[in-house]
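The chain contents come next:
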Amino acid sequence: MALLEARDIVSGYGDAEILHGVSMDVHEDEIVCIIGPNGAGKSTFMKAVFGLIDCWEGRVEFDGEEITEYRPDEITRTGMCYVPQTDNVFPNLTVRENLEMGAYILDEVPEQQVEELFDLFPVLDERRNQRAGAMSGGQRQMLAMARALMVDPGLMLVDEPSAGLAPDLVDMVFEKIVEVNETGTAILMVEQNARQALRNSDRGYVLEMGDNRFEDSGDALLENEEVAELYLGGGGDIE
Amino acid sequence: MTLLEVENLRKTFGGIVAVDGASFSVEEGTVTGLIGPNGAGKTTTFNLVSGFYEPDSGVVRYRGTDTQELMTPSRDERAIWVSSAGVGFGTVGLAGASLSGVATPGLLAGTAVGAVAGAGIYYGQEWLRGRSDDTRRTRPFRLSQAGLARTFQITRELQGMSVLENLMLAPKGQRGENLTQTWFNRSAVLEQEASVREEARDMLEFLEIDHLETEEAGNLSGGQRKLLELGRILMTDPDLILLDEPVAGVNPTLTRKLLERLEELRDQGYSFLIVEHDMEVIMNISDTIIVMAEGQKLMQGTPEEVQSDERVIDAYLGG
Amino acid sequence: MAISGTLVSLGTFVAIYALLSLGLNIKFGYGGLLDIGHVTFYLLGAYVTALLVAPPAADQQFADYVLGLDLAWIVAVPIAVVVAAVAGMLIALPAIRLREDYLAITVLGFSVIAKRVIQTQGWLANGPGSLRNYPAPLRGAFPLPGGGESITLVGLGVPPEALFGVVVLILWAVGTYVLGEFGRIDSMDSIGDRVFHAVFAVTTLGVGYLAARRLASGTERVGALTVGSGLVAGVVAAGLSLTGSVSVGVLLTLGLFSVFTWLLAARIVFDHYDGMPARDAVAALGLAVAFVGAFLPLILLGGEGGNEQSRIGLIVTVVLLLVFVYGLVYLSNHWEGYGSGSAFISVVGVGALWLFVIRYFLLALVTPFKQGGASEALGQLFQNLTWLIQFSGGDPAFNYARFVFTTAIAVVGAAYYLMEITVASPFGRVLKAIRDDEDAATALGKNTFVFKIQSMMLGSALAGLAGALWALSVGALVHTMFAPRITFIVFLMVIIGGTANNRGVLLGSVIYWGFQKGTEDIAGFFPPEARSSVQALRIAFIGALLIVILYYRPEGIWGEQTTASSEVES
Amino acid sequence: MVETGLLNAVVTGIVTGSVIALGAIGLSLVYSIAEVPNFAHGELLMLGAYMAIFVNKPGTVPVYELLASDTQAATTAGLVVLFLLAAGGAVAVIYQLAGREGLAGGYWNRDVPDPVGYLVHAAGASVVGLFVVVTTPSIWSGMVLAMVLLGAFAPLLERRLFRKFRRKDAELATMLIVTLGLSFVLRFTTQAIYGGQTRTYTVPNVASVFDTTVPLSAAQFFDFYLTGSGLVVEMINTGAVGSGDPVSLFVVEYALPALVGLVVVTVAVGYGAARWRRQSGTTAGQTVGPRLTGGLAGLVTLLVLVVVLPSSGSVPDSSVASTRISLSLMRGLTITLALLMMGLLHVLLRETKLGVAMRASSDNLDLAKVTGINTDQVITATWVIAGVYAAIGGVMLGVLFVQVQPNIGFFLLLPMFAGVILGGIGSVYGAMIGSFVVGLSMDVGIYLLDIGTVLRVPVAFVVLFVVLLVKPEGIAGGAS
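Residue numbers (this note's numbering), protein chains in the order written: chain A, 6 to 244; chain B, 2 to 320; chain C, 2 to 571; chain D, 63 to 542.
Watch out, some of these pointers could steer you wrong.
Unchecked claim - Partner residues aside, some chain A positions facing chain B, computed with beta carbon under 8 Å: (1) Pro42; (2) Asn43; (3) Gly63; (4) Ala168; (5) Gln197.
As the list claims (entries may be wrong) - Below, in silico cross-link-like pairs of lysine-lysine (DSBU-like), each with a Cα-Cα straight-line distance of 35 Å or less: (6) Lys415(D) to Lys230(D); (7) Lys226(D) to Lys415(D); (8) Lys226(D) to Lys518(C); (9) Lys116(C) to Lys518(C); (10) Lys181(A) to Lys415(D); (11) Lys371(C) to Lys518(C).
Calculated from the structure, these hints are not laboratory results.
Please read these numbers as outputs of a predicted model, since none were measured by experiment.
Positions of the beta carbon are idealized from the N, C-alpha and C atoms, including for glycine.
One chain only, chain A, in its complex shape (with noise of 0.2 Å):
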């Protein structure tokens, strides 16, 4: 069974209908990535997914429970947690501060999952006192997905990780998402840069203009010419 099962999700912002009716699913332990043009409602699926904005149709279950209607701090208690794509980081609070917020939901700092993630990310380390607003962008996204991870979530949703860093750090963003995800954290990723995602990826969802296109493994995908073609025209149906 799968860990998170999406059905026909129907979603958008005010009037306007962004997803007609997409659907999901990610199994455990896996690395699946979202790729799609732009205004394909990627971003869109994700905070449907985790009760950002409302689902207007369709279901969401993660681990055998129907979590459609819940709020997002409910959505955080059942094991799924989010890194959004932009002002990922409380900046006033300390890096120590920011992990403390993402365990906010137990009742105790788990002091050892703080050091496990202090290893995953010896650049927090050595800033654990600093104040995040004061870090760089690449910093921001590790703290933002360290953060997300303190509860040893069973899925980590992250949007668009490697928008706005350097080659180099983009590199190190994916590693880390492998490396999460050998910890036992199921991973799904949207993700502008498509090749690279794909390549960490088990498999991997197209979205266009709000529908599926395709779904096959990652390298399958990478392969495909349709894909390639997606990106670099025939996006609306002009003639």
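Starting from the known structure of chain A, fit chains B, C and D onto it as the hints suggest.
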């Protein structure tokens, strides 16, 4: 002739580099496409060019003049503000002097002191706050007045107004925007208003949305909004039009209509700089295409060159 | 005082606050500027006017103030308006670029400071005491005619009778014009229309008959004709009052004119509520009667007595009132079954009108009837109908309060007209655009800063004008008249009627003062020691009302005006 | 004769600043976390001041006076009501903070059976109730009552009012007008109940500490004489209010070297402590940061030296300069209380999970939500804190300025906002500093300009205005 030149533009947001030394130019009478993957800095570039952001470094030149310079209030305008503030505070000074019961020379001195103080305060304030962003917020209107007009990615139609009113808002130099004209020269204002209305109706016909004339702009569909936004910007009589994703979320029929209009307009001599994700569209309409990646210009060329360039495909699919 | 006198003084308040709220509407409704220090400009207008027209302080006993230039009011008022506008600009210059909450606290600060400076600085405007004994314009000539001394106007001595002629002339011309304007929409199908046109013909002394016929055919431009006929009528009426019997002239002219106003009001009301189901109208009447009924125990048992009986009356009334309020809430919650929310609002509106009719024409007769029987009651009714006439010692006359009232109404009318053309103009369009989306306006090349400053100046100028009128009409100024709460009340007026709707704003000030007057009456029934509490509760109630309106009907009663430019043309 | 001078104005300014700060803290927290520009915050202070009257002068409270045996004493039934109010308020505060599970001990980090939680909370509430009943009619008892009642009432405003408007995506302008409306409701309802007249607390003039009579509200004069050989300080007891001759309590002298030493040692210790703290790898995350360490160490050193250094002296006949500070114990207490409450808040914000969550919510409410923070609860807690601090501020306002009127809160609104904006909206520490700056500028301003005390508020406003012109993001910087 080169209409727009961008040199070494750079902009960061809280440690994240959005635009990192982009340089390119737009020629008069052409359609230039600006493409690139998400996060490549297109929209930021767009906002920098249209004056809505201030660059950290680099220059944007419109018809050879630095846009930052274009956006700075003219000496006359500043003089008017400073002197009016001066007169205001001068009145306060006069009142103060007369209250303290001094003779006529005292009154004059009070006025002078007040006026100088007023001008000083106002000017000092301008100087002190000249570097902060929010004083610049009101300035981009000067670019629009100079003929460099922009649309917004998420359309900014005025939802409470009718479609016609939205268009009628745009033309430059309307007499009725001046209160004294409105009150004391009503016939002239009404006359001009009638001609503006005609102009707006013609525009609606050109865009083929004249059936929506009295509809509230908030009730329009996404595509119709895009058309309205285009029409509104055309009403300002621009030379260079910056379009931010003109067909995003527009259905194919309307997209085709929009493209036809754009081509007609190009033939009429308008120049365009278009940010667009729809490759089909951008390849069809552009004379030149600028590809951005990671905040820099990756390449510039004709649609054919761009489509066959390995680097571009790489940029889109990631390294 | 006959209740018509109360109506006149209330009307003056309404007019002044209508001016204030028109000003705020330009700032807040159209310009989106959150000016919660609007009262500052009201204060400035009032004090500047008063200080300019006042005689030098040295001539006064026990008073100290600056200026005292002894200027004519006609000079002082424009100066006051300009001062208010300039003050608006100066305050706005630094504050307007800031966030709206910063702007709010800044202007609020100014209003607190202005009041406090007036209060504490004795040399400025007679300190904590009141600024008074400054001349009221044309005061000496009233009541007209026969008030006494002649008035010097532009260097010419004008006898009071002639002044009366002028007043009648103006009233009549304006009145018939307005009447004609309202009359021209329909044919003469219904009896109401026939009556209306008949009255029009009579009041224009036959000249209007022609106009009325043309109105019926509906093809001609009638504006000039109605004005012309009004002018003729006015001249005739003025001549009548000058020659022959003065009293008859007054009775005839002002009496007829008073009847006009009732007709006009009725016409407007009927036009507005045209098409209201009979059931709703009856329900509205029921509401009004029920409300009045709730006070019967108090009135019958004498609430002011302070004895056991009156206490029972008080309790019963309070209980009945609570039941009434509960019923109203219940009705509003379950109204959906009968119609829309706006239908409920019209029912309440008509109910309030009924309440007015009952109070003004029926309840007002109770005391005279008790005192002097039917004849006294009829006399009272006659006075209330011919409200423009005041009977002093049996002689009919046009008194000063009525003059102030009509002037204030005329000023409001002019200001309303000016604001209407302003907001319908390209200027108003830009203002609304800035309020809705400043970036979009900027992208279209509009210098938003300048527009905002202008709207601030315009609104402040109107507040200054309101202040000037207030100063001249009340004749004494105290700092407590300009508490920050005035701004708040004006906000309520704007929001009740509908933000960015000049007509709604006028309605708002009528509603507020109606409420104010109504509750004042009610407070009169309560024992004296509880009255101050009732007064305070009234203001608390207004606060609650504002919150409720903002939550359930943020667009106000009428919502935003749609002055689409396309409609102006046709 | 020694005159009061600038130094006295400074001390008065600090007292004023303390009261402003107690209000400004809540205003700033609510502003940055709940995003409500609360123009009704002054009314919360006013409510606090009026609630204390319940205890302090029960005989003058409408309706409740039926249960009073005297102006200052309640009957047994009255005491029971008082107990219920205080205990109920305390329970309600816990309920607001943590909900029903909280009452059952849900926030204790250890599993307990529900009844145990209820019992413990009931016992705690009873202690509060008993304290109020036992210490009545003292003003401190009134303050405790006001704290629990307002702590329970303020979050109700959030739940019943502001949350609803927030759900409707109300704009800032709408929120602002709503708070204005609310301020009218609160102020005039209070006026309707209590009447508009000025009320006063009965505050004892003296207190008895270890059988020593200590004057509370009577001013004590501290006279300072700067002479060629050093500084002479004389403390004068003005005696009981209205009668009694001034009594010189003591005269001490600080020799010049001692003075220099005092300054040098204080600065050195303060600086050293800060430096040590910075170097020992401590950081912003800890409760006591370097700057605070330095300040505290310096203060302690100063106090110790002030006590240790003086030799006895005599009042000199002539001096280079002399000045007088007039300070009552009550004013001193106000400052202490304000500092204490600020310290508590600091610890709360730095050391508790709720506090860090509050800071996180103020940083980014949406991110806080996805992190799993129940932001509704955090906002409620913010209102509780705002209410409690407003209660203290209100009661102290009533004590210091003797008068309690329905409009006292409104008059404090401008200075509070001035403090908040001065400090930078969104920064509660900035608000604290800003409040003291405003308080100082009010009192020092009217002293320097030699204008009446009625113009204190305008002076505060001028400060605000200048700040808005020059640096609208406030002294703490753009932490928005």
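Here's how the hints hold up against the structure:
1. Contact between Pro42(A) and chain B, as hinted, is supported at the beta carbon level, the nearest pair being about 6 Å apart and thus within 8 Å.
2. A cut of 8 Å between beta carbons decides the hint on Asn43(A): the least distance to chain B is about 4 Å, and the hint holds.
3. A hinted interface residue such as Gly63(A) counts as satisfied when its beta carbon comes closer than 8 Å to some beta carbon of chain B; here the least separation is about 21 Å, so the hint is violated.
4. Restraint check, Ala168(A) versus chain B: the minimum CB separation of about 4 Å is within 8 Å; hint holds.
5. For the restraint placing Gln197(A) at the interface with chain B, the shortest Cβ-Cβ distance is roughly 4 Å, inside the 8 Å limit, so the hint holds.
6. Using a Cα cut-off of 35 Å, the hinted pair Lys415(D) and Lys230(D) holds, with the two alpha carbons roughly 29 Å apart.
7. In summary, the hint linking Lys226(D) to Lys415(D) is supported, as the alpha carbons are separated by about 27 Å, within the 35 Å threshold.
8. Distance check on the hinted pair: Lys226(D) and Lys518(C) sit about 33 Å apart at the alpha-carbon level, within 35 Å; holds.
9. With a C-alpha separation of about 26 Å, the suggested pairing of Lys116(C) with Lys518(C) holds against the 35 Å cut-off.
10. With a C-alpha separation of about 28 Å, the suggested pair Lys181(A) and Lys415(D) falls inside the 35 Å cut-off, and the hint holds.
11. A hinted pair counts as satisfied when its Cα atoms are at most 35 Å apart, and Lys371(C) with Lys518(C) qualifies at roughly 23 Å.
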